[in-house]
Amino acid sequence: MPTIIKPPSVPAVYKILYERFGPRGWWPVAKPGGKAPEYHPGRYFAKSDEERFEICVGAILTQNTSWKNVEKAMENLAGAEALSPVAVLGMPKAKLSALIRPSGYYNQKAAKLKNFSRFIIKKNKKLGRYFGLAVDLLREELLSVNGIGPETADSILLYAAGKPVFVVDAYTKRIGSRLGWFKSEPYDFVQKYFSCRLNNSAELFNEYHALLVETAKNFCRKKPLCGACPLARVCGYHI
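Counting from 1, position 196 in the sequence shown corresponds to residue 196 in our numbering; the numbering is continuous, with no gaps.
I should point out that these hints are in silico values taken from the structure, not numbers from a laboratory. Incorrect hints may have been included.
Claimed, not checked - In silico lysine-lysine, PhoX-like type, Cα no more than 20 Å apart, as pairs:
(1) Lys114 <-> Lys126
(2) Lys163 <-> Lys68
(3) Lys183 <-> Lys125
(4) Lys126 <-> Lys47
(5) Lys183 <-> Lys223
(6) Lys173 <-> Lys222
(7) Lys15 <-> Lys173
(8) Lys6 <-> Lys125
(9) Lys222 <-> Lys183
(10) Lys183 <-> Lys163
Said to hold, decoys possible - Cβ-Cβ distance ranges computed for the label pairs, FRET-style:
(11) Ser9 <-> Ala36: 34 to 40 Å
(12) Asn69 <-> Leu133: 17 to 23 Å
(13) Cys226 <-> Ser195: 26 to 32 Å
(14) Glu19 <-> Asn200: 32 to 38 Å
(15) Leu225 <-> Glu19: 14 to 20 Å
(16) Asn200 <-> Gly42: 34 to 40 Å
(17) Glu81 <-> Ser9: 45 to 51 Å
(18) Cys226 <-> Lys122: 22 to 28 Å
(19) Asn124 <-> Phe182: 27 to 33 Å
(20) Glu81 <-> Asn107: 19 to 25 Å
Model, not experiment: these values are computed from the prediction. Here a beta-carbon is modelled for each residue, glycine too, at the ideal position from N, C-alpha and C.
Required output: the full structure, derived from the provided sequences and hints.
Listed below in structure tokens is the structure:
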């Protein structure tokens with residue numbers, strides 16, 4: 001049974017995790033020729049429209065699965081030179097589904113990728129230029145695309161567009177609830193909980209979310225490994 005203690009501050013948890021793990025280099029992007037996505041610690045913004053689109057694809061494919069499963073799908077897409085809106089939209093759905101099969105729900109995700117690619121092509125703009133729009137407008141438009149929900153839209157905004165938008169996922173909610181920050185509040189509440197307690201910085205939001213993912217994958221699992229967790233000393237769930 002968790003012990004009730006005063007929860008640590010949001011900045012304090014960031015400091016603990018950063019000292020433990022260092023910069024995560026998220027979002028990883030693939031190298032040409034079907035190579036596995038590479039991490040780039042300390043680089044927080046996509047360098048090209050190709051990288052921006054690849055990050056968008058990864059954000060869609062990671063729905064309801066782990067990044068480990070997505071990596072193979074991304075390698076397949078890179079190897080097939082299918083990491084552009086035109087390539088995705090022009091590819092037969094059956095072939096696209098086969099390439100992304102490792103990510104799970106591949107037929108549904110193939111449809112989502114085509115929806116997103118069609119949306120981008122209709123904008124008739126380079127992604128870098130399109131992402132220059134105001135964040136509220138971008139989010140509204142992304143959410144209008146069939147298959148893009150709040151978490152995916154915010155992942156695209158933060159990691160592909162470089163906007164200061166805090167991403168909330170199952171890992172974020174799990175760690176936050178165990179630390180005593182919130183219970184089962186909705187997405188917008190959790191997002192505001194973080195953003196109101198941190199400097200409005202895309203780099204900080206990027207790193208913080210990636211550190212939470214790292215902590216949840218290795219320690220704060222559904223069945224937690226509290227003894228070795230870097231947050232053990234400040235977490236009432238462990239004590």
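Against the structure, the hints:
no.	hint	verdict
1	Lys114 <-> Lys126	holds, 17 Å
2	Lys163 <-> Lys68	violated, 25 Å
3	Lys183 <-> Lys125	violated, 41 Å
4	Lys126 <-> Lys47	holds, 13 Å
5	Lys183 <-> Lys223	holds, 17 Å
6	Lys173 <-> Lys222	holds, 12 Å
7	Lys15 <-> Lys173	holds, 19 Å
8	Lys6 <-> Lys125	violated, 49 Å
9	Lys222 <-> Lys183	holds, 15 Å
10	Lys183 <-> Lys163	violated, 27 Å
11	Ser9 <-> Ala36: 34 to 40 Å	holds, 37 Å
12	Asn69 <-> Leu133: 17 to 23 Å	violated, 32 Å
13	Cys226 <-> Ser195: 26 to 32 Å	holds, 27 Å
14	Glu19 <-> Asn200: 32 to 38 Å	violated, 23 Å
15	Leu225 <-> Glu19: 14 to 20 Å	holds, 19 Å
16	Asn200 <-> Gly42: 34 to 40 Å	violated, 20 Å
17	Glu81 <-> Ser9: 45 to 51 Å	holds, 47 Å
18	Cys226 <-> Lys122: 22 to 28 Å	violated, 49 Å
19	Asn124 <-> Phe182: 27 to 33 Å	violated, 41 Å
20	Glu81 <-> Asn107: 19 to 25 Å	holds, 22 Å
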